Amino acid sequence: MSQDINDNETKQLKDFLGSSIDYYQREFERIAKEQKFSFNLAAVLFGPLWAASRNVWALFWMLVVADVVALVIIGRSLWGSEAYPEASLLFGLSLLALCRGVGGCLANHFYRNYFSKWCTGQEQSGGLSAHRIGIGVVLMLATYPLTVYRFSAASVVEYLETFPTSRDVALKSAYWIDEVFDWLTLSLETFFGSITDAIRGVLDLLDLLLIGTPWPVMTLLLLLLAWKKAGWRVVVFTAAALAYLGFFGFWDKAMSTMALVGTSVFVCLLFGIPIGILAAKKPRFNAVLTPVLDMMQTMPSFVYLIPAIAFFSIGKPPAVLATVVFAMPPMIRLTTLGIQQVSPSVVEAMLAFGASPRQVLFKAELPLAVDSIMTGINQSIMMSLSMVVIAALIGAGGLGYDVLFSLQQLEAGKGLLAGLAIVLCAMILDRIIQGRKKE
Amino acid sequence: MTNLSTPLPAIECRNVWKVFGKRSDEALAAIKSRGLTKEQVLEEFACVVGVADATFQVREGEVFCIMGLSGSGKSTLVRHINRLIEPTAGDILVGEDNINALNQQDLRRIRAEKIGMVFQHTALLPHRNVRENVALSLELRNMDEQQRLKIADDKLALVQLTGWGDRMPAELSGGMQQRVGLARAMAADPKILLMDEPFSALDPLIRRQLQDQFVELAQVMKKTTLFITHDLDEAFRIGHRIAIMKDGAFVQIGTPEEIITAPADDYVAEFVKDISRLKLVFAHTVMQPLQAYLKEHNLKADNLDLSQYPTAARDVDLNQLIDLAADHDEPIVVLDGDTAVGIITKRQLLRGIQGESNGK
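Chains A and B, in that order, are what the protein sequence lines are. Note that numbering that gives the first Met the number 0 has the first sequence beginning at 0, numbered continuously upward. Note that numbering that gives the first Met the number 0 has the second sequence beginning at 0, numbered continuously upward.
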């Protein structure tokens, strides 16, 4: 029985190697018997080329890096840019020898790992191959001479030091983009104007509600909400946080920030949920949407402040829009996720009992996605608050402005107090909404 | 064409094919013209044959079981009846309606009013209480709330869940949830019940209870039922007729007794091998016809005094015959009405219990 296995393995090894079977069979057996030391002379002599010929590319690159470092040291000593050329020549040579030696010790281990991968059928070819040696030589020729020359020569040709640039291309592109922006601003003035008006309408309403309501009433309402949704611990926390906002003179500014956040989240909800539903229903739309959402989230927010100003001038409405760009992706993603997570058997049951697509959506999918959508709202709120300071740059006012002002005046104390106020606003909203989730 | 003396079948499938995949039409044409096997279709067209030429009728009030192992296409087939899956070819008739010719609106109406469905994994709406779940099909038809919740309570009583209406599905055990599923399927009082492995996910004891409960209920409600199962025992306990499915095609359709006494091929024979015959095989199958018995024992019909022998009707099962045989020494006389038609000796009874394939 064990003879069969051995025969089979020998046959596989033969197929794999093609040549020097006896050597590798002996070495692989030694490694299998827990004898960790196995030395490959060919790997020492030929270095990266051995690895390339055997298709072990991880080892190839490790050896290339070691070779280049050693060669640079040797080169510097020969070119005379070192204080003690003999010492550094000796150091370079011994480093080269050491690295090759380590490579020789590792070679058979790497090769054996590659062999077991090959046995599972994932890799196509083993053995020696002239084709791969060729690739190895080309790669080494492409990296060795220039790198060694760049690091060891006393003075280097200029075009090697810096990437050849073309300022003209960059300038022209930027100019064209400017032109497009200008044209858009002019030709779509009424469109942008009406968006601004709509956002300002919502903002003014919320401002009136939050700032206009006398503070004792507002406090009472917030505490009641906290108690209803999240229990007495959150009530205590909310009371303390509101007291801080009041005593330190942040009340009005905090309410103004809340109005800004509220408007942003409202816009996120208004567009995010329908887009999220559509993405859940249409895989193709989702495929297009995903990179757009990635871009919205990763692009630094300062970058889209510029077009926001160009189209909507400065003030609160463009601040809301910039915030929406940043805060809407989680809303969309979590709505999509929530709907996709609804068990297909529930949808099937709805259809089997005669539900129309609309009934499936409103009676099964949306109610079951509520938890996920709530998480989305929470995320949107948090991300909106994180944009407060940046939005203050274009005149959003509120707590963000205090932080920005302290930054400009180098008043660390004031800045920290205002920053803490933003954190507290975020925590009040977060705790109240989280409490809703736990039910 | 239709024979007027027999009523229209409640469900009829005519040459239904379902081939999954992008090139299903080509694949089906190739199957019909070149007779490809399932594997060849997969290799050549990258299509999977779900249902292959299924033709059957379910009579009004009948419980028709479709039995097959997983992957045999039984769940796919049952979804054609309410068109959750569209067939590649073939006709499906429910009563007078050709299901595939309906527009979306009529299809929804038929699903809501005529066809109730029970699923393997219950598929109750987790965010609604039990009563609202049961009332689902009525709600989808826009029945007013008071009326539909009252009907829901009635249906809950039918499956012995009175008083559970206000609970959430997650609070109920698996067996209870499945009873809610049954109540939901019956809420609209549909003519047809589709049951897709309703008891498969339950533990054996509960499964047995629910099977018994369902048999009782089926006798009262007399609903045409298409019952899918992978458990032959279950099919024999519940079904009036059974269809055995393999690789998307029907291997045999018949009553439990027909299947157990005359399996169509080795595949079916292998299935029924370990099934207890006691309640599935009846007197008329194991008896020796009276004339043959008389001839063998050189007796005359006039000499036979029936009062001396124990008697049994034609449709008495083996279990009862054993009781009779245990209490009497004489062979059992089988009666059709008042006339004797056959004799069962102890030898025949034992062979009948054993199964003919073993006996000969």
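Mixed in with the good hints there might be a few duds.
As the list claims (entries may be wrong) - Below 27 Å or equal to it, Euclidean Cα-Cα: the simulated DSSO-like pairs (lysine-lysine) are:
| no. | chain 1 | residue 1 | chain 2 | residue 2 |
| --- | --- | --- | --- | --- |
| 1 | A | 13 | A | 116 |
| 2 | B | 21 | A | 362 |
| 3 | A | 280 | B | 21 |
It should be emphasised that the hints constitute simulated quantities derived from the structure, not laboratory data. Model, not experiment: these values are computed from the prediction.
Given pair status - residue 362 of chain A, residue 21 of chain B, alpha carbons within 27 Å: 32 Å, violated
Given hint residue 21 of chain B paired with residue 280 of chain A - CA-CA distance at most 27 Å: 20 Å, holds
Pair hint residue 13 of chain A and residue 116 of chain A, alpha-carbon separation not exceeding 27 Å: 15 Å, holds
Of the numbered hints listed earlier, the single one contradicted by the structure is hint 2.
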